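Colleague: First to last, the protein sequences are chains A and B.
Note that the working numbering has the first sequence beginning at 1, numbered continuously upward.
Note that the working numbering has the second sequence beginning at 82, numbered continuously upward.
For the record, the hints were derived by calculation from the structure and aren't laboratory data.
A few of these clues could be false.
List time: in silico DSBU-like cross-link candidates among lysine-lysine, alpha-carbon distance up to 35 angstroms [unchecked claim]:
| no. | chain 1 | residue 1 | chain 2 | residue 2 |
| --- | --- | --- | --- | --- |
| 1 | A | Lys56 | B | Lys122 |
| 2 | A | Lys5 | B | Lys101 |
| 3 | A | Lys56 | B | Lys131 |
| 4 | A | Lys5 | B | Lys131 |
| 5 | A | Lys20 | A | Lys5 |
| 6 | A | Lys20 | B | Lys122 |
| 7 | A | Lys50 | B | Lys131 |
| 8 | B | Lys137 | A | Lys5 |
| 9 | A | Lys20 | B | Lys101 |
Interface residues of chain B toward chain A, partial, derived using beta-carbon atoms under 10 angstroms [as the list claims (entries may be wrong)]:
| no. | residue |
| --- | --- |
| 10 | Thr88 |
| 11 | Leu96 |
| 12 | Ala130 |
| 13 | Ala134 |
| 14 | Val140 |
| 15 | Val152 |
| 16 | Met153 |
Covered stretches of chain A (chain B as the covering partner; in silico rule of three or more C-beta atoms under 8 angstroms from a C-beta of chain B) [claimed, not checked]:
| no. | stretch |
| --- | --- |
| 17 | 19-28 |
| 18 | 70-81 |
What you are looking at is a predicted structure, and each value in this text was computed from that prediction instead of being measured.
Cβ atoms here follow ideal geometry from the backbone N, Cα and C, with glycine treated the same way.
2 protein chains.
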Amino acid sequence: MYKAKVTVTLRPSILDPKGKAAHHALQNLGLNEVQQVRIGKFIELDVDAKDEAAAKAVVESACAQLLANEVMEDFEIVIES
Amino acid sequence: MYKAKVTVTLRPSILDPKGKAAHHALQNLGLNEVQQVRIGKFIELDVDAKDEAAAKAVVESACAQLLANEVMEDFEIVIES
Numbered sequence: 001m002y003k004a005k006v007t008v009t010l011r012p013s014i015l016d017p018k019g020k021a022a023h024h025a026l027q028n029l030g031l032n033e034v035q036q037v038r039i040g041k042f043i044e045l046d047v048d049a050k051d052e053a054a055a056k057a058v059v060e061s062a063c064a065q066l067l068a069n070e071v072m073e074d075f076e077i078v079i080e081s
Numbered sequence: 082m083y084k085a086k087v088t089v090t091l092r093p094s095i096l097d098p099k100g101k102a103a104h105h106a107l108q109n110l111g112l113n114e115v116q117q118v119r120i121g122k123f124i125e126l127d128v129d130a131k132d133e134a135a136a137k138a139v140v141e142s143a144c145a146q147l148l149a150n151e152v153m154e155d156f157e158i159v160i161e162s
């Protein structure tokens, strides 16, 4: 059993209204040191595969088909055993 | 300027309906190797601080006050320069 950690982030050119709202709220709380906020997804998957490469292939397929929107988002996969 | 990467995850005892829905959808796509899915948040912050410790303190404060709900969620902070 492998554990996959996936971070899905909006591409830099895409506006992030959720991040903008969080940034604004942090400024209202007095945390003016924060210059920018961008919010993405962090997805943990348990994958049953025979080796790390097979696990990574499954997770890549899951990201491409469902978990990330490749038009607007990038994803990064880390596999742990 | 420091870059902070924050992962916010639901505590293990908390139900994750978003993750359950994603798991179900992956099974419908034939990705039966995936045994469990949990979905959290990945937040990137640019922080203007004099050193790494100061940047971390700002981000911890941001997480505790706004970005994470500590009743249900855990967060992990990584600071990069």
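Colleague: Does each hint fit the structure? Answer for all of them.
Modeller: Evaluation of the provided hints:
| no. | hint | result |
| --- | --- | --- |
| 1 | Lys56/A to Lys122/B | 21 angstroms, holds |
| 2 | Lys5/A to Lys101/B | 16 angstroms, holds |
| 3 | Lys56/A to Lys131/B | 39 angstroms, violated |
| 4 | Lys5/A to Lys131/B | 31 angstroms, holds |
| 5 | Lys20/A to Lys5/A | 25 angstroms, holds |
| 6 | Lys20/A to Lys122/B | 15 angstroms, holds |
| 7 | Lys50/A to Lys131/B | 47 angstroms, violated |
| 8 | Lys137/B to Lys5/A | 23 angstroms, holds |
| 9 | Lys20/A to Lys101/B | 28 angstroms, holds |
| 10 | Thr88 | 5 angstroms, holds |
| 11 | Leu96 | 15 angstroms, violated |
| 12 | Ala130 | 5 angstroms, holds |
| 13 | Ala134 | 13 angstroms, violated |
| 14 | Val140 | 8 angstroms, holds |
| 15 | Val152 | 19 angstroms, violated |
| 16 | Met153 | 15 angstroms, violated |
| 17 | 19-28 | holds (count 4) |
| 18 | 70-81 | violated (count 0) |
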